[in-house]
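Number of protein chains: 2
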Amino acid sequence: MPKSVLFDREEVLRKVTTLFWEKGYHGTSMQDLVDATGLNRSSIYNSFGDKFQLYEESLKYYQGLQSELVNSYFAQAQSPKQSIISLFEGIRDEIIKGPGEKGCFLSNCTTELSHSEPRIHDFLVKNKERMTRMFSALIQKAQQTGEIASSKNARHLALYLFSSLQGLRVTSMLDKKRSDIQGITDQILSVL
Amino acid sequence: MPKSVLFDREEVLRKVTTLFWEKGYHGTSMQDLVDATGLNRSSIYNSFGDKFQLYEESLKYYQGLQSELVNSYFAQAQSPKQSIISLFEGIRDEIIKGPGEKGCFLSNCTTELSHSEPRIHDFLVKNKERMTRMFSALIQKAQQTGEIASSKNARHLALYLFSSLQGLRVTSMLDKKRSDIQGITDQILSVL
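Top line first, the protein sequences correspond to chains A and B.
Take my numbering: the last position of the first sequence gets the number 193, and nothing is skipped along the way.
Take my numbering: the last position of the second sequence gets the number 193, and nothing is skipped along the way.
What the hints contain is simulated information worked out from the structure, not anything from laboratory work.
Do not rely on the hints blindly, as some may be mistaken.
No copy labels: a pair is met if it fits in one copy or bridges any two.
[Claimed, not checked] As a list, the in silico DSSO-like pairs of lysine-lysine whose alpha-carbon atoms are at most 30 Å apart:
| no. | residue 1 | residue 2 |
| --- | --- | --- |
| 1 | K103 | K142 |
| 2 | K127 | K103 |
| 3 | K61 | K142 |
| 4 | K142 | K16 |
| 5 | K177 | K142 |
| 6 | K103 | K178 |
| 7 | K142 | K52 |
| 8 | K153 | K98 |
| 9 | K178 | K142 |
| 10 | K127 | K178 |
| 11 | K16 | K61 |
| 12 | K24 | K177 |
| 13 | K127 | K24 |
| 14 | K82 | K178 |
| 15 | K142 | K82 |
| 16 | K61 | K153 |
| 17 | K16 | K178 |
| 18 | K24 | K153 |
| 19 | K98 | K24 |
| 20 | K61 | K177 |
| 21 | K24 | K52 |
| 22 | K82 | K52 |
| 23 | K103 | K24 |
Here chain A stands alone, though its shape is the one from the complex (with noise of 0.2 Å):
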């Protein structure tokens, strides 16, 4: 068996994912990686290929607990319509509850790599255009059934969600407060 794999792959995912996605990716030295995990440089190197390699990995582990997490948002639902605000008003609380101001790992590799590393910039437009396909299904459905009107752009309603989502991330890093960050959301939400 060789000695890269005699830890638990997922626990030290967990622990460079916190990393990259509270320092970024120029933020995090391969010290810091080092002393996060307790792995030393040839093992991560062996296990994960290099520095960017290992931060492409951060991003689809945090991908993957994301839609976890809007699944089950989703779970409470009772219809296309209440997904859509169950997510928002799930995510609402995550901040406002939460411990840190670290906003949403992908949006800030958006502003941080987007647009000068192609392959991370394809990672986020899919992840992007994924999001809201996922919108834009719920939309029309919920106009099928009368929830939201029919008269709507669904594919502009969807990308609008998506925005917003970025931009309630982004504007918790500086005001946690409740009421703000409920206003906010009540705000998003009306134009459904």
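Here the structure of chain A is known, so what remains is to put chain B in place on it, guided by the hints.
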């Protein structure tokens, strides 16, 4: 006359701001600053202080430019509500026609440094409050003239506009398609 002022300070700040905006604080090396400005390290240190002080000065310089831009949008508007619309439409057109996908320097700075650098956090919170007050004053004037329903909470609507602006700038780093950016902007403004 000390050597350190034998250059155009604003021209240097303009170049440095473009660099920090594009590459972020941690992604910009001292060598990048030397290469972009044509100044040597000691001239930079003597005139602007260390990299962090230079970054702070760049943020203030960018904020000043943004204020001028906002005022130019407001100058075209016929009413308080139109001022808000004109600002969003101006930014929308800037995104669509703009050359790059650098986003907004202040949003990029928020995701990179607001949780780790208290001085930067304070600066960004003050900027958010300044913009929110500006939006709030316009909304209240528009409510007095009946342009915006007086039942709406001016502070929450102002925070929503600030948040929507962050979202639009982050999203535009992944999508500059005219109809998409136009669609998001229309949805944002439909709340007014």
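Hints versus structure:
1. K103 to K142: neither (34 Å within a copy, 35 Å between copies)
2. K127 to K103: Cα proximity of K127 and K103: in one copy and across copies (23 Å, 19 Å).
3. K61 to K142: within (29 Å within a copy, 47 Å between copies)
4. K142 to K16: neither (39 Å within a copy, 50 Å between copies)
5. K177 to K142: between (33 Å within a copy, 27 Å between copies)
6. K103 to K178: both (15 Å within a copy, 29 Å between copies)
7. K142 to K52: neither (42 Å within a copy, 52 Å between copies)
8. K153 to K98: Intra 33 Å, inter 26 Å, cutoff 30 Å: inter-copy only.
9. K178 to K142: This pair counts as between: shortest inter-copy Cα distance 25 Å, intra-copy 34 Å.
10. K127 to K178: between (32 Å within a copy, 15 Å between copies)
11. K16 to K61: This pair counts as within: shortest intra-copy Cα distance 14 Å, inter-copy 35 Å.
12. K24 to K177: Both: 20 Å inside a chain and 27 Å across chains, each within 30 Å.
13. K127 to K24: Both ways: K127 and K24 sit 24 Å apart in one copy and 23 Å across, limit 30 Å.
14. K82 to K178: So K82 and K178 pass the 30 Å test inside a copy (26 Å) and across (27 Å) alike.
15. K142 to K82: Within one copy only: 8 Å inside a chain, 34 Å across chains, cut-off 30 Å.
16. K61 to K153: neither (33 Å within a copy, 40 Å between copies)
17. K16 to K178: Classified as within: same-chain Cα gap 28 Å, cross-chain 36 Å, threshold 30 Å.
18. K24 to K153: neither (40 Å within a copy, 38 Å between copies)
19. K98 to K24: within (21 Å within a copy, 32 Å between copies)
20. K61 to K177: both (27 Å within a copy, 24 Å between copies)
21. K24 to K52: both (14 Å within a copy, 18 Å between copies)
22. K82 to K52: neither (41 Å within a copy, 48 Å between copies)
23. K103 to K24: Classified as both; 9 Å inside a copy, 19 Å across copies.
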